[in-house]
Amino acid sequence: MRAEPDRERARTTGRAHVVLPAFNEETALPVLLERLAEAALTEELTVWVVDDGSSDRSAAVAESGFGGLEVRVVRHAVNLGLGRAVQTGLRAALEESGADDIIVVMDADDTHDPGLIRRLREEIAAGADVAICSRFVPGGDDRTAPPVRRLLSRGAAQLFRRSLAVDGVRDFTSGYRAYRATLLERASAHWGDRLIEEQGFACMVELLLKLRHCRPVIKEVPLALRYDRKRGPSKLKLRRTLVQYLKLLIRDRLSPAPYRKL
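So the sequence shown is numbered by the working numbering: it starts at 1 and just counts up by one.
Incorrect hints may have been included.
Restricting the straight-line Cα-Cα distance to at most 20 Å, the calculated cross-link-like pairs of lysine to any residue (SDA-like) are [said to hold, decoys possible]:
1. K247 x E185
2. K261 x H213
3. K230 x D142
4. K230 x P146
5. K247 x D142
6. K230 x T27
7. K230 x R143
8. K247 x R186
9. K261 x E185
10. K230 x R162
11. K261 x R194
12. K230 x G14
13. K230 x L164
14. K261 x H190
15. K247 x R143
16. K261 x R186
17. K261 x V166
18. K247 x L152
19. K230 x S54
20. K261 x P146
Keep in mind the hints are simulated off the structure, nothing from the lab.
Modelling step: build the complete structure from the supplied sequences, incorporating the hints.
Put into structure tokens, the structure is as follows:
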């Protein structure tokens, strides 16, 4: 959707709150948090690790300290799924964020480059409300991902681009994004606990679909996915995710738009 022409967009120069939904990422987290600590030398960062009922030492690893990096750990007693983990992380970050801050969501498996946080911040400082790390713009690359996963991501991208009216988006399923904190506050004030209802990977698409009612400006930056750095098995279930995507599309078609301006 296009931005409202009468809305002034202030520069966003504050802190980046980085939300990491983590389920059994004991092996990947140390490397990722070290790289985030390097990024924190030039960026104001707070990292929120959401331990989603892990059976390994993910939470303990996150709490062990990484070169002065500010890490907060939020725990789910049992595994509730990616959607609930993202929702918990967003809520925790919003409670601490200021008007000039951004909230970044990225995977905890070390396949995303923390160096892109600066680029995401620049896009939002220039006027975007959402900045997406995209595999499907010039400079983006997903060749390190398994063929089945590439097929799913590319197929979903084509399906959603044809079915949904969301300007500026090619990579609907990317898990690496930055949001203007004030945008998420407006959306959360309207939807509350229903801001994210999907439990699985479809939650990232669902959040975009709800945020589009706020008429955000959305920009994409190239993402070179580093699936070759992934240390554990994929948690994506192909059939279940396909069903979630289709149900989400149907629900979006049947759901009325918000009754008031967001």
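Results for each hint:
no., hint, in the structure
1, K247 x E185, "violated, 26 Å"
2, K261 x H213, "holds, 8 Å"
3, K230 x D142, "holds, 13 Å"
4, K230 x P146, "holds, 11 Å"
5, K247 x D142, "violated, 26 Å"
6, K230 x T27, "holds, 9 Å"
7, K230 x R143, "holds, 14 Å"
8, K247 x R186, "violated, 25 Å"
9, K261 x E185, "holds, 14 Å"
10, K230 x R162, "violated, 31 Å"
11, K261 x R194, "holds, 18 Å"
12, K230 x G14, "violated, 31 Å"
13, K230 x L164, "violated, 31 Å"
14, K261 x H190, "holds, 10 Å"
15, K247 x R143, "violated, 28 Å"
16, K261 x R186, "holds, 10 Å"
17, K261 x V166, "holds, 17 Å"
18, K247 x L152, "holds, 16 Å"
19, K230 x S54, "holds, 17 Å"
20, K261 x P146, "violated, 42 Å"
Comparing the model with each numbered hint stated earlier shows that hints 1, 5, 8, 10, 12, 13, 15, 20 do not hold.
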